[in-house]
Amino acid sequence: MIRTENLTKKFNTTLAVDNLDLEVAEGEVFGFLGPNGAGKTTTVRMLTSLIGPTSGSAVINGFQIGKQDTEIRRSVGILTETPGMYDNLSAEFNLEIYAELYEVKDPKGQVEKYLRMLGLWDRRQDEAGTFSKGMKQKLAIARALLHEPRILFLDEPTAALDPEAAHLVHDFISELRKEGRTIFLCTHNLDEADRLCDRVGVFKTHLLVVDTPAKLRSQLFGRRVVFHLATSNEMIAATINRLPFVREAKVIENKLLVNLDDPETHNPEIIRTLVGAGVDIQFVGELRHSLEDVYLELVKNA
Amino acid sequence: MNKIKTIVRKEWAEVFKNRMVLFSVIFLPLFLSVLPLIILYSMGGSAANSANADLPAQFQQFCKTDMNAGQCMQYYIVSEFLIMFMLIPLFIPVNIASYSIVGEKTTRSLEPLLATPISTGELLAGKNLASVIPAIIATWIGFAIFAIGTLILTGGDALASALLDPMWLIAVFIAGPLMAVLSVNFSIMVSSRVNDPRVAEQLSAVIILPLLAVFFGQVAGLFILNSTLILIMCIVLFLVDLLMVYLAVRLFQRETILTRWK
Numbered sequence: 001m002i003r004t005e006n007l008t009k010k011f012n013t014t015l016a017v018d019n020l021d022l023e024v025a026e027g028e029v030f031g032f033l034g035p036n037g038a039g040k041t042t043t044v045r046m047l048t049s050l051i052g053p054t055s056g057s058a059v060i061n062g063f064q065i066g067k068q069d070t071e072i073r074r075s076v077g078i079l080t081e082t083p084g085m086y087d088n089l090s091a092e093f094n095l096e097i098y099a100e101l102y103e104v105k106d107p108k109g110q111v112e113k114y115l116r117m118l119g120l121w122d123r124r125q126d127e128a129g130t131f132s133k134g135m136k137q138k139l140a141i142a143r144a145l146l147h148e149p150r151i152l153f154l155d156e157p158t159a160a161l162d163p164e165a166a167h168l169v170h171d172f173i174s175e176l177r178k179e180g181r182t183i184f185l186c187t188h189n190l191d192e193a194d195r196l197c198d199r200v201g202v203f204k205t206h207l208l209v210v211d212t213p214a215k216l217r218s219q220l221f222g223r224r225v226v227f228h229l230a231t232s233n234e235m236i237a238a239t240i241n242r243l244p245f246v247r248e249a250k251v252i253e254n255k256l257l258v259n260l261d262d263p264e265t266h267n268p269e270i271i272r273t274l275v276g277a278g279v280d281i282q283f284v285g286e287l288r289h290s291l292e293d294v295y296l297e298l299v300k301n302a
Numbered sequence: 001m002n003k004i005k006t007i008v009r010k011e012w013a014e015v016f017k018n019r020m021v022l023f024s025v026i027f028l029p030l031f032l033s034v035l036p037l038i039i040l041y042s043m044g045g046s047a048a049n050s051a052n053a054d055l056p057a058q059f060q061q062f063c064k065t066d067m068n069a070g071q072c073m074q075y076y077i078v079s080e081f082l083i084m085f086m087l088i089p090l091f092i093p094v095n096i097a098s099y100s101i102v103g104e105k106t107t108r109s110l111e112p113l114l115a116t117p118i119s120t121g122e123l124l125a126g127k128n129l130a131s132v133i134p135a136i137i138a139t140w141i142g143f144a145i146f147a148i149g150t151l152i153l154t155g156g157d158a159l160a161s162a163l164l165d166p167m168w169l170i171a172v173f174i175a176g177p178l179m180a181v182l183s184v185n186f187s188i189m190v191s192s193r194v195n196d197p198r199v200a201e202q203l204s205a206v207i208i209l210p211l212l213a214v215f216f217g218q219v220a221g222l223f224i225l226n227s228t229l230i231l232i233m234c235i236v237l238f239l240v241d242l243l244m245v246y247l248a249v250r251l252f253q254r255e256t257i258l259t260r261w262k
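For the record, the sequence lines run as chains Y and W. Count the first sequence with this note's numbering and you get residues 1 to 302, in order. Count the second sequence with this note's numbering and you get residues 1 to 262, in order.
Misleading hints may appear alongside valid ones.
Stated by the list, open to error - The list that follows gives simulated cross-link-like pairs (lysine to any residue, SDA-like), each with its CA atoms no further than 20 angstroms apart:
no., chain 1, residue 1, chain 2, residue 2
1, W, 3, Y, 176
2, Y, 67, W, 8
3, Y, 108, W, 240
4, W, 3, Y, 119
5, Y, 113, Y, 176
6, Y, 108, W, 8
Stated by the list, open to error - Derived Cβ-Cβ restraints for the label pairs, each shown as a range:
no., chain 1, residue 1, chain 2, residue 2, range
7, W, 229, Y, 36, 56 to 64 angstroms
8, W, 77, Y, 11, 40 to 48 angstroms
9, W, 199, Y, 11, 22 to 30 angstroms
10, W, 108, Y, 122, 19 to 27 angstroms
Source of the hints: derived by calculation from the structure; they are not laboratory data. In this text the structure is predicted, and so the values were computed from the model without any measurement. We treat Cβ as the ideally placed atom computed from N, Cα and C, and that holds for glycine.
When you get a sec, could you build the whole thing from the sequences and use the hints?
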């Protein structure tokens, strides 16, 4: 659905996007992560034909950017970083305008459908300026969906939302995913990306890495098992570090933290080694590195 | 065409909630229609005693032979205000169109709008029509009020015939709309390049200056507007309008507007 090849954008001498090669399959939820100023919004603007690339190419839903821009805009929905509603106009009229601009066959019907779906029907006659941030965001999501696009670009959909509103948006994204829509999600919320995305790409002017969150955690950190010991025993770390399958072992207070690739296979041997050394084990568990750990590690080294 | 209509509807729905815009569209034409009628009425008695010698020499040739000295004086005074009917189609679009682009940028509504399949031409055509149509309607209604009032006050005599001369009909019904298009496109060009709606409005108001120069030039007796001058003005306006529309589209650069403005 989305394919880019050496997509590059320069503003005067500033390189905003550097040779981006990316593929997003149909029905995939793809997380596009990166620090502020990384070029995420610039990338989204190129992919939605709002601005043109300096070089390279991209195909969106079978249409080439720079040559079939109107077709691309017709076939994608975009939630911009700020909702950008007409505050003096009612929620319903805001959506009617966009339904007409997107050439929707039954504008009033579609507007009603999405206002009801997002729980805004009762407030349809109220000016958009009277809406809370969460409601404006939901209204903006409704606007992005009016023409039933198969591809959605969501730029920070839960930014500045309270946890309840963010949760509602997450549920809605999950529903869209079940409908088989392709979602390109720009977010700083790594927990959100971890929960919602099939794959994530970490971006800082160029793409640092793309993979599923689980594989990224595994590739960068391996897996980490924690052994709760009855007493603190710092000497045992050296013994465990000598095992060939162990990446790293260290003791913090009375916890032995062991990084390894395949805990299911090698945990029994670790336990035998510990017991053989006279160490009493109270609990064994796995500590998952968060996507935030992955992200910070990648961005730090970029 | 549907997208253009949508933009017009949207612009009117937004703009006419602004009281200042409503004021300029309703009050200004009304004021400029009624003021000359008040002058016409108040001069009706005293004008009969005024001598031709008070009029600039080049103006006396425009007084019709069946007009007496008083009527000629009335015609001279009231016709100065008829130029104002060419001011209305310049002024009203400045109020509406100067907010059009930069206002959307400051409210962040331009990006989702540009993300739709609407072309630059359709967008600017919609914004043009949204400003031009109210200006033209307000001007024509204002002139109609003036015309009806003149006929009632003068009883349809030589003075009415002079005040409702085809020259003024050309000025109001042809030059007026051309001026409205000029004003809108100038305002859109300014609005596309600045970052503040108030700056856009103030800079756009510069477009009124040439017409004010004509007004003061006539008051000072430097020249008198006649049919030939009005026709030349219409031709020049038409050509300038074509150029302004072309420039407005060229200067409306989506990428610059979206990326350089913060």
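Outcome of the hint check:
1. W/3 to Y/176: violated (28 angstroms)
2. Y/67 to W/8: violated (28 angstroms)
3. Y/108 to W/240: The given pair, whose Cα atoms are some 41 angstroms apart, is violated under the 20 angstroms limit.
4. W/3 to Y/119: Roughly 28 angstroms separates the two Cα atoms, so the pair is violated.
5. Y/113 to Y/176: Holds. Residue 113 of chain Y to residue 176 of chain Y sits at ~15 angstroms (cutoff 20 angstroms).
6. Y/108 to W/8: This hinted pair holds, its Cα atoms lying about 18 angstroms apart.
7. W/229 to Y/36: 56 to 64 angstroms: Between residue 229 of chain W and residue 36 of chain Y, where Cβ atoms are some 60 angstroms apart, the hint holds.
8. W/77 to Y/11: 40 to 48 angstroms: violated (59 angstroms)
9. W/199 to Y/11: 22 to 30 angstroms: At 24 angstroms between Cβs, range holds.
10. W/108 to Y/122: 19 to 27 angstroms: holds (26 angstroms)
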